[in-house]
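Chains R and Z are the protein sequences, given in the same order.
Take 0 as the starting number for the first sequence in numbering that gives the first Met the number 0 and just add one per residue.
Take 0 as the starting number for the second sequence in numbering that gives the first Met the number 0 and just add one per residue.
Careful: at least some of the hints might be erroneous.
[What the hints assert, rightly or not] Lysine-lysine pairs mimicking DSSO-like chemistry, simulated, CA-CA at most 27 Å apart: (1) K44(R) - K66(Z); (2) K172(Z) - K200(Z); (3) K44(R) - K37(Z); (4) K41(R) - K66(Z); (5) K41(R) - K35(Z); (6) K29(Z) - K414(R); (7) K158(R) - K177(R); (8) K41(R) - K37(Z); (9) K53(Z) - K41(Z); (10) K242(Z) - K158(R); (11) K44(R) - K35(Z); (12) K242(Z) - K306(Z); (13) K267(Z) - K41(R); (14) K48(Z) - K66(Z); (15) K41(R) - K41(Z); (16) K76(Z) - K41(R); (17) K277(Z) - K158(R); (18) K267(Z) - K234(Z); (19) K44(R) - K228(Z); (20) K188(R) - K35(Z); (21) K41(Z) - K44(R); (22) K177(R) - K29(Z); (23) K76(Z) - K41(Z); (24) K41(R) - K158(R); (25) K177(R) - K76(Z); (26) K306(Z) - K277(Z); (27) K200(Z) - K44(R); (28) K234(Z) - K188(R); (29) K172(Z) - K188(R).
These aren't lab readings, by the way, just hints derived from the structure by calculation.
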Amino acid sequence: MMQTIFTILGIFFALYMFGYATFIMVGNLFALWRLHRNLVRKNMKNQIDGNISVPVSVLVPAYNEAETILSTIDNLLAADFQTYEIVVIDDGSTDETAKLVLEKYPLTRNTTPFQNVVKSAPIKEVYTGTVENRLITLIRKKNGGNKADALNAGINVAKYPYFVAMDGDEILQADALKNAARNFLEDEKVIAVGGLIRVSNNVTFRKGYPLETRMSKNPVISTQRLEYNRAFMASRVFSDMFNGNLNISGGFGMFKKGPVIQVGGYDSNSVGEDMDLVMRLHHYHLSENIPYAMRYAPDAVCWTQVPFTIKDLGKQRARWHRGLIQSMWSHKNFFLNFRYGSVSLISFMYYFLYEFMSPFIELFGFLFIVLALITQTLNWPFALLLVGIYGLFNIINTVIFYTSNFLIGDFQMYKGDTLRVLGFSLVDILVIRPYLFLIRVYATITYRSRLHSWGKLTRSKMEESSENT
Amino acid sequence: MDGFLSIIYWMILVYIGLSLIVLFFILTYKQLMLRKLKNQEKRQDSWRKFFEQKNPLLLQEDVERLKNTEELLYFTKVLQTLNQQPQKEESIQEFIYSHVDTWVELGNYYSNQSLIMRAYFAWGCKEAGIRQLNNNSEMIQLMQRYALFPSIYCRNNALGALYSFGNVDGVIKTYQALSEQKVTFNARLVAAGLADFTGDKRALADVLYDNFSDFGLDFQVGIIDFFRKNGGHLKHQLADMLKDPSLNIELVCALMRYYGKHPVQEVKPIILSWMSWKYRYQWEIIAVTASTLASYPGEDTVELLKKCLQSDNWFIRKNAAVSLEILNEEVPQLEAVLSEEHPETIDQLTYDLASKEPV
Chain R
0 MMQTIFTILG
10 IFFALYMFGY
20 ATFIMVGNLF
30 ALWRLHRNLV
40 RKNMKNQIDG
50 NISVPVSVLV
60 PAYNEAETIL
70 STIDNLLAAD
80 FQTYEIVVID
90 DGSTDETAKL
100 VLEKYPLTRN
110 TTPFQNVVKS
120 APIKEVYTGT
130 VENRLITLIR
140 KKNGGNKADA
150 LNAGINVAKY
160 PYFVAMDGDE
170 ILQADALKNA
180 ARNFLEDEKV
190 IAVGGLIRVS
200 NNVTFRKGYP
210 LETRMSKNPV
220 ISTQRLEYNR
230 AFMASRVFSD
240 MFNGNLNISG
250 GFGMFKKGPV
260 IQVGGYDSNS
270 VGEDMDLVMR
280 LHHYHLSENI
290 PYAMRYAPDA
300 VCWTQVPFTI
310 KDLGKQRARW
320 HRGLIQSMWS
330 HKNFFLNFRY
340 GSVSLISFMY
350 YFLYEFMSPF
360 IELFGFLFIV
370 LALITQTLNW
380 PFALLLVGIY
390 GLFNIINTVI
400 FYTSNFLIGD
410 FQMYKGDTLR
420 VLGFSLVDIL
430 VIRPYLFLIR
440 VYATITYRSR
450 LHSWGKLTRS
460 KMEESSENT
Chain Z
0 MDGFLSIIYW
10 MILVYIGLSL
20 IVLFFILTYK
30 QLMLRKLKNQ
40 EKRQDSWRKF
50 FEQKNPLLLQ
60 EDVERLKNTE
70 ELLYFTKVLQ
80 TLNQQPQKEE
90 SIQEFIYSHV
100 DTWVELGNYY
110 SNQSLIMRAY
120 FAWGCKEAGI
130 RQLNNNSEMI
140 QLMQRYALFP
150 SIYCRNNALG
160 ALYSFGNVDG
170 VIKTYQALSE
180 QKVTFNARLV
190 AAGLADFTGD
200 KRALADVLYD
210 NFSDFGLDFQ
220 VGIIDFFRKN
230 GGHLKHQLAD
240 MLKDPSLNIE
250 LVCALMRYYG
260 KHPVQEVKPI
270 ILSWMSWKYR
280 YQWEIIAVTA
290 STLASYPGED
300 TVELLKKCLQ
310 SDNWFIRKNA
320 AVSLEILNEE
330 VPQLEAVLSE
340 EHPETIDQLT
350 YDLASKEPV
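Excised from the complex, chain R in its bound form:
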């Protein structure tokens, strides 16, 4: 009996690992092919671009972002894009975020009424001004508890029919808006476009473009850099092929305002507001049989600061995991629902098995191994071999995605980068992933008690190059 149970469980875990490896393999192959085709077609797109563009409101929610808000705005002013405005939403900051913005840019108080099309906490003041022919708006509002509320306030004040949601500690690459907006012009069904998030720690910038992109010596930062590569370039590009992206990162997403308003804007109670919005958009359009598309633009790049201490990384990932649990539970109607097609059967099931259920399955797997060892039913040399080649498979694919960054634009490989990638991949497998597994278990256990707890993450100023033109 015990033997049978062990056999069944062993097969289950082996299939679980194999399923993940298959998803990675298939996803990678399709993604790389797609990126290659995108590179070839970029030439075509540059030809037919003409002067057509869409006007965009860039929403920058900011809560205590005094360290980074001014460089974020300055970089936005350098964006290579025809028509856009910058809307900074100071979400009741207790630091000098608003003061710094008002001191640096010539903004004056504006009392023009606007329409509250989506719910948000009360807006106290609005300031506007023009810098380099760009309208900058600063909204000062009562803290709504999370980013979703701030974004809703931004949507209410924004003047254009398209908006970008980003974070206050990011640098939008100068061509990001243009590369994202093209997708709306290419296909009228497109209602949202996600961009590529890259790690800005240890990167210097000049006029909205990265100058030096060396890998950091800090393993916490570098392992995240590799992880972002894998997640964005593989999974998102692959999911894009069947309109199955379940998440347009809150770090950079461009949306048509109409459909977002149609589904009620961001949910102020949601911790994972980005995923929640995307799933509601999927649900609405699939239920109403409205043709739509949500695209992923790997050449629309946004650079973000990632936590550089293991503790802060844990805080961030715990919050993300709680947000994921909340979103998955709120949209449980996507579970094996044939009506929703590949969005449900591939994307949602992948998230369900390998994100939502992973703390349980991995914990159970760990206990299973311990029990199997104790009862001497585990062929441990073979098990070690299997784990070893599985780890090797992961490392090779991490190297593939790091080295294929040039498929999405200018990318520099520095001397020693390949060795560093190999080294940090090992650190990722042996240290970071087990740590994050524990964090996910912790986040699941403390889901109810700490759902809306944000925690304070340490920030650093972003590095600007002092080189002359």
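Position chain Z relative to chain R; hints supplied.
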């Protein structure tokens, strides 16, 4: 179970093998791309040599080549370059006319490809500069079909091709089809596109006017803007539109701009009626009318413009001041208003999607 695990083990080894092959390709990609780039120059050269022939003729194998996007890219680049050389233009036009069936065949092929490829094909047709096609030409029907695809790039390029064909009927029927399907299109793009029309613009203006009610609002506004430069002869006919007090605000503004450029004194009372109190919440109408009145001197004009100088709205004040200056009126606060800087305000910018009803 060992057997099963062995299968998994070997599958993962296969995956590792595949991954290593992919990694090899990635590492040699740049070299492969460099070789492809050299090859690209050769392929582009082969099309240049093709056009150097006395009577170049596209064979079926060439047509099959052109069903590859990259080949189409090289071909169109060469065609575009040659089209810009005056001494080559005539021979290129002859070449294009003699291959209309081929373009249609390619067009039908690309109409089943991705939207970006369709947009590119339409762009190629626009750049080819085909002129003077007759009403029944399949090229016109092809571009009409392309204009209806759900892509702004594709639509804009297909319309661009239709404008370059110079066929009035082609443009009208496309606008009607788009309007019937309630497709919106930027009015400025409409006006700019019509300005690029290579055929008889006056004839185009007349037919656009005759079929005006068939078009959606965006097209109507763009058409009125086109009339401003190429429809001066319609100034008496268009006045009837301005008499309708329920006319859409954007059309009113477009017509006001038209009558600013083509003043008709008989229309002045209608223009003045739009400065009435009942339009006080539609500041755009007041502002544009204030600008238009510069072409309609008279005491009544001056009185109304002086009132506008007291407006809360910067645009109304500014336009009225500029008009008074053009009319050489001396008003005490004129200098002050003229020297006002553009306010840092969003009073003109509250973009209310809810008010944008579908046509």
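27 Å Cα cutoff - pair K200(Z), K44(R)
violated (31 Å)
Next pair to validate is K41(R) with K66(Z); report whether the Cα-Cα distance is within 27 Å.
holds (18 Å)
Below or equal to 27 Å on CA atoms is what counts here, so check K48(Z) against K66(Z).
Holds, at about 19 Å.
What's the verdict on K188(R) and K35(Z), does the C-alpha distance respect the 27 Å limit or exceed it?
violated (34 Å)
Is the straight-line distance between the alpha-carbon of K76(Z) and that of K41(R) 27 Å or less?
At roughly 15 Å apart (the allowed maximum being 27 Å), K41(R) and K76(Z) satisfy the hint.
Within a Cα-Cα threshold of 27 Å, do K172(Z) and K188(R) meet the stated pairing?
holds (24 Å)
Agreement of K267(Z) and K41(R) with the hint, judged by alpha carbon distance not exceeding 27 Å
The given pair, whose Cα atoms are some 53 Å apart, is violated under the 27 Å limit.
Holds or violated: K41(Z) to K44(R), with C-alpha atoms at most 27 Å apart
holds (22 Å)
Holds or violated: K177(R) to K76(Z), with C-alpha atoms at most 27 Å apart:
holds (23 Å)
Does the alpha-carbon distance linking K172(Z) and K200(Z) stay inside the 27 Å limit?
At roughly 16 Å apart (the allowed maximum being 27 Å), K200(Z) and K172(Z) satisfy the hint.
Need the status of pair K41(R), K35(Z): alpha-carbon distance at most 27 Å?
holds (16 Å)
Distance restraint between K41(R) and K41(Z), which requires alpha-carbon spacing of 27 Å or less:
holds (20 Å)
Consistency note: the structure conflicts with the earlier hints numbered 10, 13, 19, 20, 24, 27, 28.
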